[in-house]
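Chains W and C supply the protein sequences, listed in that same order.
Using the numbering used here, read the first sequence as starting at 1 and increasing by one per residue.
Using the numbering used here, read the second sequence as starting at 1001 and increasing by one per residue.
BS3-like mimics (lysine-lysine), calculated; alpha carbons at most 30 angstroms apart, straight line: (1) K1099(C) <-> K18(W); (2) K1099(C) <-> K1002(C); (3) K1002(C) <-> K57(W); (4) K1042(C) <-> K1002(C); (5) K1056(C) <-> K1002(C); (6) K1042(C) <-> K17(W); (7) K57(W) <-> K18(W); (8) K57(W) <-> K1042(C); (9) K1042(C) <-> K1056(C); (10) K1099(C) <-> K1067(C); (11) K1067(C) <-> K1056(C); (12) K18(W) <-> K1042(C); (13) K57(W) <-> K1099(C); (14) K1056(C) <-> K1099(C); (15) K1042(C) <-> K1099(C).
Rather than coming from a laboratory, the hints here were simulated on the basis of the structure.
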Amino acid sequence: EADIYQTPRYLVIGTGKKITLECSQTMGHDKMYWYQQDPGMELHLIHYSYGVNSTEKGDLSSESTVSRIRTEHFPLTLESARPSHTSQYLCASSESWGTSNQPQHFGDGTRLSIL
Amino acid sequence: QKEVEQNSGPLSVPEGAIASLNCTYSDRGSQSFFWYRQYSGKSPELIMFIYSNGDKEDGRFTAQLNKASQYVSLLIRDSQPSDSATYLCAVNPRNDDYKLSFGAGTTVTVRA
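Bound-form chain W, shown alone (with noise of 0.2 angstroms):
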């Protein structure tokens, strides 16, 4: 099972302020992904690493970007924090061996509130 940790836990802001959500893990995977969740709605892909210097956009349009500079981090950035960004972010792992996937692993998340 991965170890895999975000912080902080919960962040409450002001407008204007530069983010950065922190995720690492401790089990060597190549594979991590970053989801945003409304409280009762469903998980949004805004961005996934294939290993180190490999960052793409996922499936959400996101303000955020993210870096992969070692295989055990990638943290996500927020520029200028907007009201709209108030969500859960949620990141994780998979490796990958044999010729299926394999199952992701999620941290706790980052409960954010932009005021």
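Given chain W, put chain C in place with the hints provided.
Here is chain C on its own, set in the frame of chain W:
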């Protein structure tokens, strides 16, 4: 048409009964299928995955896959109040792409 569809529920079952959840998917080439449980305010937790047609059992949970009919189901036997949660079906549409498509989830309530 959404890639993955689930009945939103709520599905209410009495304690000790079997809860049956269904999921259909649109991409006939899909190969990997996952069920996650998500408690309110928490992150999704993997409970089952299945790759081949047929049934796969793990404790009180059974996943059933029928690729010809493009559906995957989850049975929860001897339902407990702790099973009350939203269950997410996730599908990997293509084996060369590791992204998952998630359904909107089915909310299950187990009444004591």
